[in-house]
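Asker: Read off the chains here:
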Amino acid sequence: MRLAVFVSEYREPEMLERLKAEKLGIVLVQNGVYHAALKKDGNVSPVLSKDVEYYALSEDLQSRGFSDSDVVDSKIKVINYDGLVDLIFNDYEKTIWL
Amino acid sequence: MRLAVFVSEYREPEMLERLKAEKLGIVLVQNGVYHAALKKDGNVSPVLSKDVEYYALSEDLQSRGFSDSDVVDSKIKVINYDGLVDLIFNDYEKTIWL
Amino acid sequence: MAIKKIAFIVEKLPYKSETSRLALTHAIASQTVEIHLEDGDNVEPVLAFVGDGVLNCLKNQKALDIYGVSSLEAHIKNALLLDLRVLVCKEDLEGFGLTEDSIVMDAEEIGGEVTTQVVPYEEIQQDLESADHLMFF
Amino acid sequence: MAIKKIAFIVEKLPYKSETSRLALTHAIASQTVEIHLEDGDNVEPVLAFVGDGVLNCLKNQKALDIYGVSSLEAHIKNALLLDLRVLVCKEDLEGFGLTEDSIVMDAEEIGGEVTTQVVPYEEIQQDLESADHLMFF
Amino acid sequence: MGKITIGCFSSLVGSMSLDFAIKFSDAAVKKGHEVDLWLSGNGTMLGKKGQSKFRDYSYLMDTVMELINSGKFKITNCEACAKARGIGREDTVEGFGVASMDWYLASAFSTDRILHIGGE
Amino acid sequence: MGKITIGCFSSLVGSMSLDFAIKFSDAAVKKGHEVDLWLSGNGTMLGKKGQSKFRDYSYLMDTVMELINSGKFKITNCEACAKARGIGREDTVEGFGVASMDWYLASAFSTDRILHIGGE
Numbered sequence: 001m002r003l004a005v006f007v008s009e010y011r012e013p014e015m016l017e018r019l020k021a022e023k024l025g026i027v028l029v030q031n032g033v034y035h036a037a038l039k040k041d042g043n044v045s046p047v048l049s050k051d052v053e054y055y056a057l058s059e060d061l062q063s064r065g066f067s068d069s070d071v072v073d074s075k076i077k078v079i080n081y082d083g084l085v086d087l088i089f090n091d092y093e094k095t096i097w098l
Numbered sequence: 001m002r003l004a005v006f007v008s009e010y011r012e013p014e015m016l017e018r019l020k021a022e023k024l025g026i027v028l029v030q031n032g033v034y035h036a037a038l039k040k041d042g043n044v045s046p047v048l049s050k051d052v053e054y055y056a057l058s059e060d061l062q063s064r065g066f067s068d069s070d071v072v073d074s075k076i077k078v079i080n081y082d083g084l085v086d087l088i089f090n091d092y093e094k095t096i097w098l
Numbered sequence: 001m002a003i004k005k006i007a008f009i010v011e012k013l014p015y016k017s018e019t020s021r022l023a024l025t026h027a028i029a030s031q032t033v034e035i036h037l038e039d040g041d042n043v044e045p046v047l048a049f050v051g052d053g054v055l056n057c058l059k060n061q062k063a064l065d066i067y068g069v070s071s072l073e074a075h076i077k078n079a080l081l082l083d084l085r086v087l088v089c090k091e092d093l094e095g096f097g098l099t100e101d102s103i104v105m106d107a108e109e110i111g112g113e114v115t116t117q118v119v120p121y122e123e124i125q126q127d128l129e130s131a132d133h134l135m136f137f
Numbered sequence: 001m002a003i004k005k006i007a008f009i010v011e012k013l014p015y016k017s018e019t020s021r022l023a024l025t026h027a028i029a030s031q032t033v034e035i036h037l038e039d040g041d042n043v044e045p046v047l048a049f050v051g052d053g054v055l056n057c058l059k060n061q062k063a064l065d066i067y068g069v070s071s072l073e074a075h076i077k078n079a080l081l082l083d084l085r086v087l088v089c090k091e092d093l094e095g096f097g098l099t100e101d102s103i104v105m106d107a108e109e110i111g112g113e114v115t116t117q118v119v120p121y122e123e124i125q126q127d128l129e130s131a132d133h134l135m136f137f
Numbered sequence: 001m002g003k004i005t006i007g008c009f010s011s012l013v014g015s016m017s018l019d020f021a022i023k024f025s026d027a028a029v030k031k032g033h034e035v036d037l038w039l040s041g042n043g044t045m046l047g048k049k050g051q052s053k054f055r056d057y058s059y060l061m062d063t064v065m066e067l068i069n070s071g072k073f074k075i076t077n078c079e080a081c082a083k084a085r086g087i088g089r090e091d092t093v094e095g096f097g098v099a100s101m102d103w104y105l106a107s108a109f110s111t112d113r114i115l116h117i118g119g120e
Numbered sequence: 001m002g003k004i005t006i007g008c009f010s011s012l013v014g015s016m017s018l019d020f021a022i023k024f025s026d027a028a029v030k031k032g033h034e035v036d037l038w039l040s041g042n043g044t045m046l047g048k049k050g051q052s053k054f055r056d057y058s059y060l061m062d063t064v065m066e067l068i069n070s071g072k073f074k075i076t077n078c079e080a081c082a083k084a085r086g087i088g089r090e091d092t093v094e095g096f097g098v099a100s101m102d103w104y105l106a107s108a109f110s111t112d113r114i115l116h117i118g119g120e
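Those protein sequences? They're chains F, H, G, U, A and V, same order as listed. The first sequence begins at 1 in this note's numbering and counts up one residue at a time. The second sequence begins at 1 in this note's numbering and counts up one residue at a time. The third sequence begins at 1 in this note's numbering and counts up one residue at a time. The fourth sequence begins at 1 in this note's numbering and counts up one residue at a time. The fifth sequence begins at 1 in this note's numbering and counts up one residue at a time. The sixth sequence begins at 1 in this note's numbering and counts up one residue at a time.
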């Protein structure tokens, strides 16, 4: 399956380690964008340690005081709501909100 | 100060490590009672590792399927709402709800 | 004529929010969904408890006596009575030192015939794959 | 004649719930509490940001432009404008790799005179001790 | 006998924090204490008229009314929080106060204990 | 063009999950997709009449009305969840549907994508 997992909190969701999918995308939204924009004690978030696609919602970064270029790893694609709609309809079949 | 800290969630509150008080009591309520009643992978919760007073709310244990005698450590006093009222008025001056 | 399979996955604790209660009530609503659909079409729900969510299944929840609110235990019994497939993650149950004796395994006293299935996470993952839609609570 | 000191400690993130917003609006309400009290009586608030709560203080929050809801940044500026004591935990700020440059330190552009104080947690602990009441958000 | 001020903030309906606040208030009043209960954020929904008594949802109004009638219990909704949600005075259960946020601080001024239930 | 069914469950007002659901719906409808939005738990408060437009509180009704008028957007409150909170049909904004929980599953049956926003 092609599965998009929304991470909406700034802590590592327990389920994330377990979920498997042919194509897996992690979409950082709401407080999930802190994973994309901050290091803690110098370390990037463990949420970013998987070999999957990463996206962060631009509107939620900016609301919280970050700019799109503040993402800590270039593998994270910054997208807006428009891009998110396309992503869900074109690139993934199922979604999970954590 | 004499400080009663309410723990209402089943995860370790970050602040707990930091709070200092002459007399410190940890009151496990709502989902906080899981710290009192469960071990995870055989270990008691790190919330129970402090040298302070511990209380767990009987009504919240029982709502979740536990009996008062299910507490994993005898240092935890099981109290009901009546006892909690007395505790707050008689034994502590300030409270924090985490 | 089609059957759409929806997986309701519960990983939240029972009483902090309404989340897991709403999982149960929505899964049970599959019993009446036919009236909105064409002949022969239907929805097939599967309920899976994972992570902390397995604690929804504990026996002897006194929420109704104490707080006047129906227990998750009662909701799970309803689901079994209505022949829903109810899965509980074996690894997570064991992680809490719990066994089948600790949880709601059947609804015999109200006439239920199916039982809860304690299964390895791998089986739940297969249900996620085969479901048409996922709802995480 | 008495002054009661209330410590408002914010450890939640800004936009997931209303929690930190309500901390700010209630702390600011101390400006009008006198009308309910005897002459000479008053409430003295202190606002402290700790843990993840320090992220409420980041500059350039665009919540108003994007979601139509006032930013926590704007609320903190209001608090400074009204001469509230605003403390930010130094260790937590540094843990995120942030400095005074990253956060709201003053409300000069709206006429504020006091500034945010970045202090070691130990100082915040002292405020918890000297406060008459604690409110954790 | 003492006085306690409880604040229930940003409480989810269904979170059991309102249930906690009411059960605690009931126990305190029965012991002869006075209780001020301040509802803010989503907690203001407790004051909405016409709530239904469903089994899947804790129904607190009977106990609240008993408490109000005891004369030792004041319950007050945050005016702005309620209005934002479309709950004006005419939509608020009789016996509930409606006030601005300084009410909570004034109550805190003259109380023996504060139990501020924040969280989410 | 496709259809997406969004469920917003147990959402705190003030949690930004409703904001997310409405902004996403708006973007989807503008691209020509159809959206069904199901509100359950505290999410049903979005349908309450008479909400005020305060700056400290996101006000979504203008966008919701535009979406309803687009003809490509259905928004439906869970009847039981709303009633429990004292929000009956007469108290619900015009244009909102009110239905039992099987509505959500029926919408899920015939949709291309589900975005179920659970959490707390």
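Each hint should be verified, as a subset may be incorrect.
Derived BS3-like pairs: lysine-lysine, alpha-carbon spacing no greater than 27 Å straight-line [claimed, not checked]: (1) A:Lys3 / H:Lys23; (2) F:Lys40 / H:Lys75; (3) H:Lys50 / F:Lys50; (4) U:Lys59 / V:Lys53; (5) A:Lys83 / V:Lys30; (6) F:Lys23 / V:Lys53; (7) H:Lys39 / G:Lys5; (8) G:Lys5 / G:Lys62; (9) A:Lys49 / V:Lys49; (10) A:Lys83 / V:Lys3; (11) V:Lys30 / V:Lys53; (12) U:Lys4 / A:Lys49; (13) V:Lys83 / A:Lys53; (14) A:Lys83 / G:Lys62; (15) G:Lys77 / H:Lys77; (16) V:Lys23 / G:Lys62; (17) V:Lys49 / G:Lys4; (18) V:Lys74 / G:Lys5; (19) V:Lys23 / A:Lys53; (20) F:Lys77 / V:Lys83; (21) V:Lys49 / U:Lys59; (22) H:Lys40 / G:Lys5; (23) U:Lys62 / V:Lys3; (24) A:Lys49 / U:Lys5; (25) U:Lys5 / F:Lys40; (26) F:Lys77 / U:Lys5; (27) G:Lys62 / G:Lys90; (28) A:Lys3 / U:Lys4.
Counterexamples of contact, computed for chain G against chain V with all Cβ distances above 12 Å [said to hold, decoys possible]: (29) Ile3; (30) Ile6; (31) Glu11; (32) Thr19; (33) Ala27; (34) Glu38; (35) Asn60; (36) Asp132; (37) Phe136.
Think of the hints as simulated: they come from the structure by calculation, not from any bench. For glycine and all other residues, C-beta sits at the position ideal for the given N, C-alpha and C.
Asker: For every hint, state whether the structure bears it out.
Answerer: Tested hints:
Taken as a hint, the Lys3 (chain A) and Lys23 (chain H) pair is honoured in the structure, with Cα atoms around 22 Å apart against an allowance of 27 Å. Only pairs whose Cα atoms come within 27 Å are accepted, and Lys40 (chain F) paired with Lys75 (chain H) is rejected, the gap being roughly 35 Å. Between the alpha carbons of Lys50 (chain H) and Lys50 (chain F) the distance comes to roughly 35 Å, so the proposed pair goes past 27 Å and is violated. At roughly 25 Å between alpha-carbon atoms, Lys59 (chain U) and Lys53 (chain V) fall within 27 Å of each other, so this suggested pair holds.
This hinted pair does not check out: Lys83 (chain A) and Lys30 (chain V) have alpha carbons roughly 31 Å apart, beyond 27 Å. For the proposed pair Lys23 (chain F) and Lys53 (chain V), the alpha carbon gap of about 42 Å is over 27 Å, so the pair is violated. Only pairs whose Cα atoms come within 27 Å are accepted, and Lys39 (chain H) paired with Lys5 (chain G) is rejected, the gap being roughly 35 Å. Straight-line distance between C-alpha atoms of Lys5 (chain G) and Lys62 (chain G) comes to about 33 Å, which puts the hinted pair past the 27 Å bound.
At roughly 14 Å between alpha-carbon atoms, Lys49 (chain A) and Lys49 (chain V) fall within 27 Å of each other, so this suggested pair holds. Restraint check: the Cα-Cα separation between Lys83 (chain A) and Lys3 (chain V) comes to about 35 Å, which exceeds 27 Å; the hinted pair is violated. With a C-alpha separation of about 24 Å, the suggested pairing of Lys30 (chain V) with Lys53 (chain V) holds against the 27 Å cut-off. With a C-alpha separation of about 35 Å, the suggested pair Lys4 (chain U) and Lys49 (chain A) falls outside the 27 Å cut-off, and the hint is violated.
For the hint pairing Lys83 (chain V) with Lys53 (chain A), the CA-to-CA distance comes to about 9 Å; that is within 27 Å, so the pair holds. Of the supplied pair hints, the one linking Lys83 (chain A) and Lys62 (chain G) is violated, its CA atoms being roughly 36 Å apart against a limit of 27 Å. Distance restraint check for Lys77 (chain G) and Lys77 (chain H): the Cα-Cα separation of roughly 33 Å exceeds the 27 Å cut-off, and the hinted pair is therefore not satisfied. Annotation: proposed proximity of Lys23 (chain V) to Lys62 (chain G) is violated, straight-line Cα distance about 41 Å (limit 27 Å).
Between the alpha carbons of Lys49 (chain V) and Lys4 (chain G) the distance comes to roughly 35 Å, so the proposed pair goes past 27 Å and is violated. For a cut-off of 27 Å, the pair hint linking Lys74 (chain V) to Lys5 (chain G) stands: about 23 Å separates their Cα positions. Of the pairs offered as hints, the one joining Lys23 (chain V) and Lys53 (chain A) is violated, with about 34 Å between alpha carbons and a cut-off of 27 Å exceeded. The straight-line distance between the Cα atoms of Lys77 (chain F) and Lys83 (chain V) is roughly 42 Å, outside the 27 Å bound, and the hint therefore fails.
In summary, the hint linking Lys49 (chain V) to Lys59 (chain U) is not supported, as the alpha carbons are separated by about 35 Å, beyond the 27 Å threshold. Among the hinted pairs, Lys40 (chain H) with Lys5 (chain G) is inconsistent with the structure: their alpha-carbon atoms are about 33 Å apart, more than 27 Å. Restraint check: the Cα-Cα separation between Lys62 (chain U) and Lys3 (chain V) comes to about 31 Å, which exceeds 27 Å; the hinted pair is violated. As the CA atoms of Lys49 (chain A) and Lys5 (chain U) are separated by approximately 36 Å, the hinted pair breaks the 27 Å bound.
Of the pairs offered as hints, the one joining Lys5 (chain U) and Lys40 (chain F) is violated, with about 33 Å between alpha carbons and a cut-off of 27 Å exceeded. In summary, the hint linking Lys77 (chain F) to Lys5 (chain U) is not supported, as the alpha carbons are separated by about 47 Å, beyond the 27 Å threshold. For a cut-off of 27 Å, the pair hint linking Lys62 (chain G) to Lys90 (chain G) stands: about 25 Å separates their Cα positions. This hinted pair checks out: Lys3 (chain A) and Lys4 (chain U) have alpha carbons roughly 16 Å apart, not beyond 27 Å.
Under the 12 Å C-beta cut-off, the non-interface status given to Ile3 (chain G) relative to chain V is violated; the minimum distance is some 9 Å. The Cβ of Ile6 (chain G) does not lie farther than 12 Å from every Cβ of chain V; its closest approach is about 6 Å, which violates its non-interface assignment. Against the 12 Å criterion, Glu11 (chain G) falls within the reach of chain V, whose nearest CB is about 9 Å from its own CB. At roughly 5 Å, the least C-beta separation between Thr19 (chain G) and chain V is not larger than 12 Å, which violates its mark as non-interface.
The beta carbon of Ala27 (chain G) sits about 9 Å from the closest Cβ of chain V, which is not more than 12 Å, so the claim that it is off the interface is violated. For Glu38 (chain G), the non-interface assignment is contradicted: its Cβ lies about 9 Å from the closest Cβ of chain V, within the 12 Å cut-off. Distance check on Asn60 (chain G): its Cβ is at least 25 Å (rounded) from any Cβ of chain V, clearing the 12 Å threshold; non-interface status holds. For Asp132 (chain G), the shortest C-beta to C-beta distance to chain V comes to about 8 Å, within the 12 Å cut-off, and the non-interface label is violated.
Residue placement check: Phe136 (chain G) does not keep its beta carbon more than 12 Å from all beta carbons of chain V (closest about 5 Å).
Checked against the numbered hints above, the structure violates hints 2, 3, 5, 6, 7, 8, 10, 12, 14, 15, 16, 17, 19, 20, 21, 22, 23, 24, 25, 26, 29, 30, 31, 32, 33, 34, 36 and 37; every other hint is satisfied.
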